[in-house]
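*Asks:* Chains as they are written, first to last, in this note's numbering: chain Z, 1 to 316; chain L, 1001 to 1374.
Incorrect hints may appear among the rest.
Covered by chain L, according to a simulated footprint, are these stretches of chain Z (three or more residues, beta-carbon under 8 Å) [said to hold, decoys possible]:
#1 188-202
#2 206-219
Stretch by stretch, here's where chain Z covers chain L in the computed footprint (C-beta under 8 Å, at least three residues) [stated by the list, open to error]:
#3 1092-1099
#4 1103-1113
#5 1134-1143
Rather than coming from a laboratory, the hints here were simulated on the basis of the structure.
Positions of the beta carbon are idealized from the N, C-alpha and C atoms, including for glycine.
Each chain, letter by letter, is given below.
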Amino acid sequence: MSAAATRVEEPRPAIRPSRLPDWLANPWGRPRFLALTTWLYIIWALVPVLFAIAFSFNDGRSRSVWQGFSTRWWWGDETFSVFHDPTYTHALEHSLTLAVLDMAIAAPLGILLAIGLSRWRGYGSRAANFLMLVPLTTPELAMAVSLLLVFTQLSLVPFSAIHLGTTAQVIGQVTFSVSYVVVIVRSRLAAIGPDYEQAARDLGASPRQALQHVLLPLLTPAILASMLIVFALSIDDFVVTQYMSSSGETTTIPMLLYSNARGGATTPALNAVATIMVVVTLVGVGGAYAALRWFGHRTESDSGGAAMRELATVEA
Amino acid sequence: MATRERDAIAAEASERSGAVSLRALTKAFEEVTAVDGIDLDVAAGEFFSLLGPSGCGKTTTLRLIAGFERPTGGEVLLDGTDLSAVPPERRNVNTVFQSYALFPHLNVSDNVAFGLRYQKVDRRDRERRVREALELVELGELAKRRPHQLSGGQQQRVALARALILRPALLLLDEPLGALDAKIRRQLRLELKSLQEEVGTTFIFVTHDQEEALSMSDRIAVMNRGRIDQIGTPREVYESPRTLFVADFLGVANTMSVEAVGGEGGGCSVRAGEFMLEAGCGDLDARGEVTVVVRPERLEVSDHDPDPGPNCLPGMVDRTVFVGSNLQVMVRLATGALLQASVPNGGEGLDRFRQGSPVKVRIPADALRVLSGA
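Just need the whole structure built from these sequences, with the hints factored in.
*Replies:* The following block contains the structure:
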């Protein structure tokens, strides 16, 4: 009793004073500090790219001193502009070829693997699920070097049948990009759940018809998103593509940029190439986003957000 | 006026009859036996409920009938034909899922028409059937909407139309009202029941809600741990529960441990402490330690009865809870047992049964039930 009596607590004040001034820490106000940080980062990340793009329109040969506006490095110069110099046009063409092939192979393969993995229960399925993620975490250089070794040193079919060049480049890119497709499609499959497919079966669809009429339409956002990711990965890829290349014939834009970045003889045409890469990727992302929005609008009230969330999960 | 489609559904239902029999049906998963040797006969055109708590095996039973699971033992017979080896798409059985599983990429009428793709139905016929099926569930105007633009109750009706348009011999419903709020649920209960009467299709309805099962079913099977505890009409399972589990699951059951000493005539006298009670139903031949149950609404609580008749026990109000239409009066009996009585709200509020006030509780003999083997 006496203990209780001595432990009389100070009454809590009705209001605790704020330590920070109102303009900085007003919980009802705008998050100014956050906004500032975000804009600083965006500027930091974008300005170099904008500089590079700007110099592709430089009138002189310099890639650092502005000499006036012109489009000579794009198409004006009959010999050295991007669309005339065969080095550039060929690299562009080869980059796009690889991206399309990678997409055409990795997407269907990844979709099949994802559906297979989501249904596979029992012995080995957990291990397989885990191992599917290994290519995502393997350092790219390690993968590139090991692929080079097995393609050039190992005299064992099928490895020995693969020669460096376009074939090896496509196989190398598919090898690592298929994991991304699997991850995106699997997360979507998990969100879809088994009910829709069972409902289709219940209403008379065979397993194949349920896949075709219900599951694939529902997977469309994920399929589009993963194709876009694969395209971007392929266009961007340097390490694997470089190791799998054979000659000048199989040079891609990133390889070209890398080998010329510090060279003295390069012209703003190189900036133009970089600009094309940026634009191609942006158009890809934008187009896919628009498609997803349109699709999402048709299926879910949450317009297009689902696919973007899937993209975010993979990028993370 | 969806008469043609309704009549067609009804005609198919009566033609194929749609009687279901389960014979020693068993489904064992790696860790648990979800369904443990069930025998059950559902008559054609019956509204039959599988009632039980989650994990009792009711949904697995439904999935076995639908064909989503393969039994590890026993048979599923539809009008005498064993379905065990028939995949779901080839069974004349359709399901309304708990999640409804309406296809989000299709609008309402395409959802309803989905199953007709796999049957040879020409376009004009298909359009008419879809229209009439939607009218049957009173959703004619919403045909072009997408599922996400509908309320929960509307989605549920689309799911019903989508299943019924195929004129199944048997319709399975997996907690179809579970996702809705209480008021709509009560309204849909009536609609569902009258729809079933209209089309005459056999319904097997899975629910954990006893009120739902009691209010709609012709018969109910109460399931517990993969087995059926009792099958009967709603009145039978409620009024005459065979086990403690059934008594307890279907509403509030007051239980007391008493000693059955037998008696003359049809009844059975039981000793509760120093008091003798007459039990009028249940296992009247039991002797010794038994459990008796009585429903709260059958108890008569009086606060001013100087002359207690037979089957009366003195007690004290432990607490009273106001639930609107009723007062729940918890009475601590002189024997030590705590009983819950449900007293109609006569407008006097809580004053009539204040905490601590002495009362008499009369248990009518025909409401006191002796459970066998308890």
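*Asks:* Now tell me, hint by hint, if it's right for this structure.
*Replies:* A quick look at each hint next to the structure:
As drawn, the segment 188-202 of chain Z meets chain L at 8 residues by the rule of a beta-carbon pair under 8 Å; at three or more, the given contact holds. Here the segment 206-219 of chain Z counts 6 residues with a CB under 8 Å from a CB of chain L, which clears the bar of 3, and the coverage holds. Note: the segment 1092-1099 of chain L has 5 residues with beta-carbon separation from chain Z under 8 Å; the three-residue rule is met and the coverage holds. Figure legend: the segment 1103-1113 of chain L, annotated as covered by chain Z; annotation consistent (3 residues with Cβ-Cβ distances under 8 Å, at least 3 required).
Counting residues of the segment 1134-1143 of chain L whose beta carbon lies closer than 8 Å to any beta carbon of chain Z gives 0, which falls short of the minimum of three for the stated coverage.
Violated hint: 5 only; the structure is consistent with all others.
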